[in-house]
Amino acid sequence: MANRSNVSLADRAYNIRRNALRMGQVQGQGYIAQALGIADVLAVSYFHALTYRPDDPEWEGRDRFLLSIGHYAIALYAALVEAGILPEDEIDTYGTDDSRLPMSGMAAYTPGMEITGGSLGHGLPIAIGMALGLRRKASGAFVYNLLSDGELGEGSTWEAAMAASRFGLSNLIAIVDVNDMQADGPATKVSGFEPLEDKWRAFGWQCWRVNGNDIDALVAAFDAARGSRAAQPRVVICDTRMAKGVPFLEARERNHFLRVEPEEWELALQALDAGRGA
Amino acid sequence: MTRLSKYTPRPKTGNGPRATTSAMIASLAPEGHPARPAPFGHALAELAHSRADIVGLTADLGNYTDLHVFAVAHPDRFYQMGMAEQVLMGAAAGLAREGFTPFATTYAVFASRRAYDFICMAIAEESLNVKIVCALPGLTTGYGPSHQATEDIAIFRGMPNLTIIDPCDATEIEQAVPAIADHPGPVYMRLLRGNVPVVLEEYGYRFELGKAKLLRDGADVLFVSSGFMTMRVLEAAKMLAADGIGAAVLHVSTIKPLDEAAILGEAGKPGRLVVVAENHSIVGGLGEAIAGLLLRAGVRPAAFRQIALPDEFLDAGALPTLHERYGLSSEAVARSVKGWL
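Chains C and W, in that order, are what the protein sequence lines are.
Position 141 (the first sequence) corresponds to 141 in UniProt numbering; numbering is contiguous.
Position 293 (the second sequence) corresponds to 293 in UniProt numbering; numbering is contiguous.
Treat each hint with caution, since some may be false.
[To be verified] Computed beta-carbon distance windows for the label pairs:
id, chain 1, residue 1, chain 2, residue 2, range
1, C, L269, W, D60, 51 to 57 Å
2, C, G140, W, D60, 43 to 49 Å
3, C, G204, W, A261, 28 to 34 Å
4, C, G185, W, D53, 45 to 51 Å
5, W, G210, C, D89, 42 to 48 Å
6, W, D182, C, S99, 47 to 53 Å
7, W, L209, C, E60, 28 to 34 Å
8, W, V72, C, T96, 36 to 42 Å
9, W, G158, C, A251, 54 to 60 Å
10, W, S5, C, G185, 57 to 63 Å
[As the list claims (entries may be wrong)] Selected chain W positions facing chain C (in silico; Cβ < 7 Å):
id, residue
11, F100
12, E125
13, G194
Since the hints were derived computationally from the structure, they do not count as laboratory data.
Note that this is a predicted model, so its numbers are computed, not measured.
Note that beta-carbon positions come from the ideal geometry of N, C-alpha and C, so glycine has one too.
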């Protein structure tokens with residue numbers, strides 16, 4: 001297990017946010033609000049739930065973490081740096097030529113990136129194949145798939161939701177980031193995905209819905225999802241707040257893809273610090 | 001050729017016998033021609049006895065892609081994904097990631113049109129070891145455009161990393177299955193299913209991935225062909241020989257990557273009409289691939305012609321009727337060549 005020290009999950013989440021802001025600063029733009037919003041989920045994933053070896057990202061016994069939403073690569077890189085899978089000094093290469101950290105997540109580029117996810121709706125279908133493959137190998141590993149609410153508009157996700165329950169994939173845990181923002185505006189308006197728990201349950205999944213910025217609630221939900229004995233796939237629906245931790249970015253009406261003025265990055269880091277432990 | 005309008009009345013009875021079947025699954029084998037049932041299914045089931053990594057997946061078409069033979073032989077290695085081609089391809093990618101060699105089957109229309117992005121991004125982009133085996137390629141069903149994959153090769157030729165093969169007969173399918181299983185990386189194979197003709201045995205043919213094979217020689221015409229059109233041009237070559245016309249046949253079952261040396265070697269021989277024959281739209285298939293190759297290499301045949309399906313949505317109807325209508329029958333091939341000479 002990589003949750004090897006006594007650093008608190010809240011500190012891990014802070015560090016992930018800080019890493020993401022530092023990468024955002026390199027490019028001056030990006031999916032920063034999503035990264036700030038999902039940081040608590042990633043902290044609980046990488047420092048409470050997942051089994052892995054930082055020095056051997058392809059270790060056969062690892063839990064697989066699939067990022068459907070390749071756009072969120074900046075968030076996952078931030079977590080992979082914090083987890084020790086990526087070296088911290090590569091933060092400065094984010095999105096630059098010949099970097100291992102392209103702006104959209106690709107499996108061939110980055111240690112710890114299991115799939116190429118920029119085209120949405122691929123994660124859960126691939127997760128099914130991996131979960132079936134792990135079962136064939138009698139592995140105890142889990143497959144996690146981080147999806148987004150906007151991605152639920154892709155039909156392939158629901159094809160996969162049906163298949164996963166028919167196969168009784170108890171080694172599959174989907175995580176849905178509900179931040180209610182996609183490219184053209186609020187996801188509740190663009191995709192109309194609610195009521196979410198009813199949908200997943202109707203598709204045969206065990207379902208938990210939590211405040212995705214409440215670490216204690218996340219820990220409880222992840223423990224329940226992993227510990228359940230039901231022969232069903234599991235989903236943890238996480239309601240998160242875009243740009244969580246940086247109030248002046250949280251307040252922006254359209255924050256799907258943030259362009260931040262150069263002087264604002266330091267302000268954002270200061271705001272993050274000011275809110276720490278608050 | 002334009003399709004009949006739905007407002008044009010059809011005669012109630014025609015002259016002579018009318019083909020009455022426009023069945024989904026029609027036989028390609030002429031009456032009395034030797035054929036073997038489900039060569040793909042049997043070959044895969046056989047191979048899986050010695051290869052524990054092989055698994056089979058389908059999207060509600062196991063019975064129609066001959067995968068049912070594998071499913072019966074190896075039920076624990078068969079995954080029914082339901083009518084969901086995107087999940088079929090994604091799950092195949094996931095199984096390949098975990099070290100297995102998945103054979104995923106559906107119809108060619110559904111793989112190429114519906115699941116393209118999933119084959120491209122989940123499988124080909126990382127060159128995963130997935131074999132996509134698809135029935136009803138080109139004009140092999142009378143069901144009309146919903147089931148006729150007349151453009152599948154055009155769609156897939158643009159996809160990097162993907163090997164494309166278009167076998168001719170039962171013998172070649174049987175040999176291709178272990179060959180593509182051994183090949184690292186994604187493969188798209190066009191499948192002739194059901195009772196599949198046996199054609200190539202008399203030519204002592206051995207399938208080699210990436211290799212074109214000269215099946216017969218001739219001084220006047222060079223046929224370059226793939227898939228079941230090789231059977232048709234072989235028959236046409238016999239008809240032409242009866243008229244004193246010598247026709248060579250170069251069978252190109254690997255569409256991508258092309259065996260450039262063999263094609264340039266044969267097409268570069270002087271004085272022959274080069275005819276590329278394929279069960280595919282004239283747009284973007286083997287013919288245009290070879291035309292491009294010849295131009296880039298500066299090879300100029302005496303003349304270059306294509307036998308292919310028109311750039312149209314095709315009619316529904318009985319398969320022999322349609323093959324005659326669109327110029328894919330052996331007789332139509334021979335007629336076309338005589339007209340060009």
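Hint check:
| no. | hint | verdict |
| --- | --- | --- |
| 1 | C:L269 with W:D60: 51 to 57 Å | holds, 53 Å |
| 2 | C:G140 with W:D60: 43 to 49 Å | violated, 32 Å |
| 3 | C:G204 with W:A261: 28 to 34 Å | violated, 54 Å |
| 4 | C:G185 with W:D53: 45 to 51 Å | holds, 46 Å |
| 5 | W:G210 with C:D89: 42 to 48 Å | holds, 44 Å |
| 6 | W:D182 with C:S99: 47 to 53 Å | violated, 36 Å |
| 7 | W:L209 with C:E60: 28 to 34 Å | holds, 30 Å |
| 8 | W:V72 with C:T96: 36 to 42 Å | violated, 54 Å |
| 9 | W:G158 with C:A251: 54 to 60 Å | violated, 45 Å |
| 10 | W:S5 with C:G185: 57 to 63 Å | violated, 45 Å |
| 11 | F100 | holds, 6 Å |
| 12 | E125 | holds, 6 Å |
| 13 | G194 | violated, 27 Å |
Checked against the numbered hints above, the structure breaks hints 2, 3, 6, 8, 9, 10 and 13 and satisfies the rest.
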